[in-house]
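*Asks:* The residues making up each chain are set out below.
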Amino acid sequence: MRSSFLVCYDICDDKRLRQVFKTLRGWGDHLQYSVFECQLTPADLITLRGQLKAIIHQDEDQVLFINLGPSEGRGDRVIEALGQPYCRMDSPCLIV
Amino acid sequence: MIRISDIQSADELLPARMLNEFVYCPRLFYLEHVDGLFAHNSDTLEGAARHSRVDAKSDALPTAQEAVQCESIHARSVTLSSEQYGLIAKLDLIEAEGDLATPVDYKRGAPKSLDDGSLGAWDPDRIQLCVQALVLRENGYRCDEGILFYWATRQRVRITIDDALVAETLAIVAAARRLMDARQIPAPLVNSPKCPRCSLVSICLPDETSHCRAYVACEQSEQTQPGGRWVQPLLFDVGYPAANSESIESAPVRQLITSRDERRPLYLNTQGNHVGISAQVLKIKEKDKLIQEVRLNDLCQVNIFGNIQLTTQAIGALMTADIPVVYFSYGGWFHGMTQSVGLKNILWRREQFRQADSNRFCLQLAKQLVKGKIRNQRTLLMRNHVEPPEQALQFLKALTIEVRRAESLAELLGVEGLAARVYFEHFNGMIKVGSDDDRPRQQNGKHEFRFDFERRNRRPPRDPINALLSLGYSLLAKDLTIAATSVGLDPFLGFYHQPRFGRPALALDLMEPFRPLIVDSAVLSAINQRMVTISDFVVVGDAVALTANGRKGFFRAYEQRMDQLVTHPLFGYRVSYRRLLEVQTRLLARQLMGEILEYPVFETR
Chain E
1 MRSSFLVCYD
11 ICDDKRLRQV
21 FKTLRGWGDH
31 LQYSVFECQL
41 TPADLITLRG
51 QLKAIIHQDE
61 DQVLFINLGP
71 SEGRGDRVIE
81 ALGQPYCRMD
91 SPCLIV
Chain S
1 MIRISDIQSA
11 DELLPARMLN
21 EFVYCPRLFY
31 LEHVDGLFAH
41 NSDTLEGAAR
51 HSRVDAKSDA
61 LPTAQEAVQC
71 ESIHARSVTL
81 SSEQYGLIAK
91 LDLIEAEGDL
101 ATPVDYKRGA
111 PKSLDDGSLG
121 AWDPDRIQLC
131 VQALVLRENG
141 YRCDEGILFY
151 WATRQRVRIT
161 IDDALVAETL
171 AIVAAARRLM
181 DARQIPAPLV
191 NSPKCPRCSL
201 VSICLPDETS
211 HCRAYVACEQ
221 SEQTQPGGRW
231 VQPLLFDVGY
241 PAANSESIES
251 APVRQLITSR
261 DERRPLYLNT
271 QGNHVGISAQ
281 VLKIKEKDKL
291 IQEVRLNDLC
301 QVNIFGNIQL
311 TTQAIGALMT
321 ADIPVVYFSY
331 GGWFHGMTQS
341 VGLKNILWRR
351 EQFRQADSNR
361 FCLQLAKQLV
371 KGKIRNQRTL
381 LMRNHVEPPE
391 QALQFLKALT
401 IEVRRAESLA
411 ELLGVEGLAA
421 RVYFEHFNGM
431 IKVGSDDDRP
441 RQQNGKHEFR
451 FDFERRNRRP
461 PRDPINALLS
471 LGYSLLAKDL
481 TIAATSVGLD
491 PFLGFYHQPR
501 FGRPALALDL
511 MEPFRPLIVD
521 SAVLSAINQR
531 MVTISDFVVV
541 GDAVALTANG
551 RKGFFRAYEQ
561 RMDQLVTHPL
571 FGYRVSYRRL
581 LEVQTRLLAR
591 QLMGEILEYP
601 VFETR
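Going down the list, the sequences are from chains E and S.
Heads up: the first sequence at position 33 corresponds to 33 in our numbering, and the numbers run straight through without jumps.
Heads up: the second sequence at position 312 corresponds to 312 in our numbering, and the numbers run straight through without jumps.
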């Protein structure tokens, strides 16, 4: 069962910032500067945490995980957008 | 003849970690150690993450003679073995003073609290620690106690390595070896609280396996009752038999598997696209212009239709992530697939090949599959036909009884063909697009299309509905080929469909009962909900094909059906059709390994 997470980060060094960005791109959608929305299973969360832990410096940087609850059936309820629209892709498959 | 078991048990060292599993659950030990299966869940991943620090570098442990001269030694991640007992252990940490060594083992969870409130160790951990002590002793060290360090509470538990514990451990080693030699998987634990957190639960299917065993057992005992009421040997239409059902009622099937696998399939359909990869994200480009990015983490399979290029790097990353790539011709013909090295559980495949040689087994399984298919066809007619044709329904019902009497595969094939004819004769009655809103369209002045179905034709399909059905069966064959491969069976050796070059016979076997439920139903909703319209078809030679756009619509209809939750008639829980295909394939593996007697074909209610 996946849950939605907002992952926000504040990284002091450019090189680490890029590494964190690159890692998170593999896990979720880039919503804003330094904010990703990821759908993660408990196992995914542990793997992602491990990957980020290996990059950041514990005493300078910070990554926050904000749990928005189970992905399924959440719809767009918990996120409201002003200005640019927020939309969530939710289809059973991807077709290009 | 050389038996695998002869080679394996002769001089193979038994890892301490596996003995831990054996004490936890002998079946888990068997699946991991004998069948070589493994899966991660959040608990094992967290354990692995903790250990990655401990295991970051492994130290060399000085020999016991050298150690006597040293003051104290801290050695991390040391692997030692014992020839005498045939054991091997990886020790997280060894603290030694002279030649007196103490193994320290790191555990992810919390210690056990004993009745008197003091802390204790869990049985599997105690045994594992004792193995480590035995291995240390054989390497010349003295070892009187060991320490278990539990991460969750950061507490240490000391264990004295006394004769009683050594005797207990050696008895377990002997039992584990006996199990390896016996080549018979132990029965699942019954209603055990250990199962929900076990990482192999979706492979082991403990409750489902027990349920199928109990069910068939009680069915057989009723049938053989002299003078007793004869119960139809149909798995799903008899409901729960009343008399002998205690064992079933006392252990309801818990839903231990997730109802959906949230990873999605990717369909690449636009000719000339180019797919590369950068840091776990697939980049799909059309003439150097990036049109979409897809995370590997989101995918369970990649389907390629026609001329689409994948870079070697992209294929490599897909294989590493264990995502199969499936190739189709532009017209939807299933060519084959690329997959990672995959499962090594050769023992299951050996059993599959053995059983495929048994006519009795093939016929028994084929009967189940055909019966399931006919019953599902009947259900689909009942549910979707404008005016369910009473006579045809009766006839299909009669044919399921005919199936039971069949004495050869050829006879069965005849019954199946008859059922298919009757079913497809009435297929048109399930299509509900009025002729007003889908007026036949002139194409090049000579072809007229309408959703009008007379009979099934293929190679090539000659009308729109047959084109959809053919594409749908092709997709389903693909999904079951993937399911069979991921379970560890050979998709090319079937039981009902006889082997032929390049034919995924096992996938075709398994898909029989699902044809009406998944494909036919997806075709009906694609048409009835206008996801595909009459303008989505073109004529190519004497064949009717879908346009790129029409195909997109049908993929969506098919995947919507695959994503739909359905109640399993036997286990009572809800899973998506995609998950169901995997569960059913695993149950077939269970039958091949002799654990359950009858394959429980999926029939919808």
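Hints were generated in silico from the structure; no laboratory data involved.
Glycine included, C-beta positions come from ideal geometry on N, C-alpha and C.
It is possible that part of the hints are untrue.
No more than 20 angstroms apart at the CA atoms, straight line, and that leaves these computed lysine to aspartate or glutamate pairs for EDC-like [stated by the list, open to error]: (1) E:Lys22 / S:Glu293; (2) S:Lys287 / S:Glu351; (3) S:Lys285 / E:Asp14; (4) S:Lys90 / S:Asp115; (5) E:Lys22 / S:Asp298; (6) E:Lys53 / E:Asp14; (7) S:Lys283 / S:Asp298; (8) S:Lys283 / E:Asp14; (9) S:Lys194 / S:Asp181; (10) E:Lys53 / S:Glu145; (11) E:Lys53 / S:Glu138; (12) S:Lys90 / S:Glu145; (13) S:Lys552 / S:Asp563.
A few chain E residues that face chain S, going by a derived Cβ cut-off under 10 angstroms, partial list only [claimed, not checked]: (14) Tyr33; (15) Val35; (16) Pro42; (17) Asp44; (18) Leu68; (19) Gly69; (20) Ser71; (21) Cys93.
*Asks:* With reference to the structure, classify each hint as holding or not holding.
*Replies:* Structure-based check of all given hints:
| no. | hint | in the structure |
| --- | --- | --- |
| 1 | E:Lys22 / S:Glu293 | 13 angstroms, holds |
| 2 | S:Lys287 / S:Glu351 | 49 angstroms, violated |
| 3 | S:Lys285 / E:Asp14 | 29 angstroms, violated |
| 4 | S:Lys90 / S:Asp115 | 31 angstroms, violated |
| 5 | E:Lys22 / S:Asp298 | 16 angstroms, holds |
| 6 | E:Lys53 / E:Asp14 | 16 angstroms, holds |
| 7 | S:Lys283 / S:Asp298 | 14 angstroms, holds |
| 8 | S:Lys283 / E:Asp14 | 24 angstroms, violated |
| 9 | S:Lys194 / S:Asp181 | 25 angstroms, violated |
| 10 | E:Lys53 / S:Glu145 | 35 angstroms, violated |
| 11 | E:Lys53 / S:Glu138 | 39 angstroms, violated |
| 12 | S:Lys90 / S:Glu145 | 17 angstroms, holds |
| 13 | S:Lys552 / S:Asp563 | 16 angstroms, holds |
| 14 | Tyr33 | 18 angstroms, violated |
| 15 | Val35 | 17 angstroms, violated |
| 16 | Pro42 | 4 angstroms, holds |
| 17 | Asp44 | 7 angstroms, holds |
| 18 | Leu68 | 15 angstroms, violated |
| 19 | Gly69 | 15 angstroms, violated |
| 20 | Ser71 | 7 angstroms, holds |
| 21 | Cys93 | 4 angstroms, holds |
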